[in-house]
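Engineer: Protein chains in written order, with the working numbering: chain B, 1 to 275; chain R, 276 to 442.
It is worth saying that the hints were derived from the structure and are not from the lab. Keep in mind that this is a model prediction, so the values were computed, not measured. Just to be clear, a hint being listed does not mean it is correct.
As the list claims (entries may be wrong) - Below are the DSS-like pairs computed for lysine-lysine, each with C-alpha atoms no more than 25 Å apart in a straight line:
1. B:Lys175 / B:Lys259
2. R:Lys369 / B:Lys12
3. B:Lys12 / R:Lys387
4. B:Lys175 / B:Lys111
5. R:Lys386 / B:Lys12
These are the residues of each chain, in order.
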Amino acid sequence: MQQLIFFIQRFKYFLFFILLESIAIGFTISNLSFHKSKIINSTNLIVAGLYEQRSKITDYFRLKSENEILATENVRLKNLLEKKPIVTIIRDSTINDTIKYFQKFTFTAGKIINNNYNKEFNFLTLNIGKNQGIDKEMAVVNSNGIIGIVDHAKPKYARVQSILNRNSRINARLKNTNYFGSLNWDGSDYKIVQLIDIPRQAPLRIGDTIETGGKSTIFPEGILIGRVSKISRGNSADNRVTITLFNDMSNLGVVYVIKNFEKNEIRTIESLENE
Amino acid sequence: MNKRLRLFFLFFLLLFLQVFMLNNILLFGSINPYLYIVFVILYPVKENKFYLLFFSFLLGLFVDFFSDTVGVHAFSITFIAYIRLFFIKVYFRKLELDYPFFKLQSESFGKKFNFVVTLTLIHHFLLFLLANFSFFNFSTVLSNTFFSSIFTLVLYFIGTAIFNENE
């Protein structure tokens, strides 16, 4: 016992050092796993509050590009409205209610107050949280395409796992077909992501559009991702396709968070046991 | 007391400088200076070394809070805070008896340069290695370390040149 105390006294500086380093390593490892509850991240009130103050100032520098994005989105939505059959106009309010009943997704607008894209594991901070109905595993998109998945929600702020995160796996498919694969990021370039495990017989060509596949309960079907920029047809087992994102991940402002009303039902069906 | 207060201000000055300005520079897409490690270099040698370890850890952790890389900055800055004494022994040839009289400003530029460069390189290498968390993109880790170190060192030496002239 005495020797133990003597040992601790002699090496107390070194032991203190080891203690601090193991705390740091522990934080790092728990931060990288998606499903563990996180204590320390940028969604806590002080850090996120400071970031919000900062974004109040820096938002003015982005007003021009933000306006252009809104204008293009308006044009697209107006075109969609024009395509709608006239029948919908004479519908009365009762039918509107049933339409509401059939609604599968809701969109909530929010703002990115902290954006990362130069690291291996990137996270974004949103200025909306549980008070606005945001919860874990909801999709985050903007008018150009997908951005990420909410991985942690506090009452006022939420953290988003960006698609530019080596842990992110998103179901994606070739537009107008049902050939799907899984979308990964190798951590090097923020404009480029990789699509793996897409079947060899898929008629891929350079310039083809890739969109979300709707095989997951998080993303709705048909949200834009990017354009095929390189196809490697080697002898490797994984059929890797390089994709250039439509979204400029270094310039994000207003985003939409998508909630799926039928998620729980789909989950229950999928987790039924085989008997 | 005055010195403690100065260290306190240095702590928060470096923290906010790092998280609100330097983290957003992103030269050529990914190169950032990490100037907050100046805290370890400027911390007086005669002060309690336990406090140095603890406050370095805290500074790293605060930087982590803001950049969503929990533990990565804390780990690397605590590491260089620990090995700092070893490099003071190696480069400046000081014994423990000399510590109360040791001042970094009064040392020659060559020795100071070696000391600062070594600590910066070690810190940046650990930082990028841990942020990468695998040996998969090892060449990116090395190139990031190299370019970010140059950036940090340029800022550090310009800063010291300006502030020493004022005094």
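Engineer: All the hints need checking, so say for each whether the structure fits it.
Structural biologist: Right, here's what the structure says about each hint:
Between lysine 175 of chain B and lysine 259 of chain B the CA atoms are separated by roughly 23 Å; this keeps the pair inside 25 Å, and the hint holds. Taking the CA atoms of lysine 369 of chain R and lysine 12 of chain B, the gap is about 22 Å. The hint holds against a cut of 25 Å. Restraint check: the Cα-Cα separation between lysine 12 of chain B and lysine 387 of chain R comes to about 29 Å, which exceeds 25 Å; the hinted pair is violated. Between the alpha carbons of lysine 175 of chain B and lysine 111 of chain B the distance comes to roughly 29 Å, so the proposed pair goes past 25 Å and is violated.
Taking the CA atoms of lysine 386 of chain R and lysine 12 of chain B, the gap is near 30 Å; set against the 25 Å cutoff, the hint is violated.
The structure fails hints 3, 4 and 5 (numbered hints given earlier, in ascending order).
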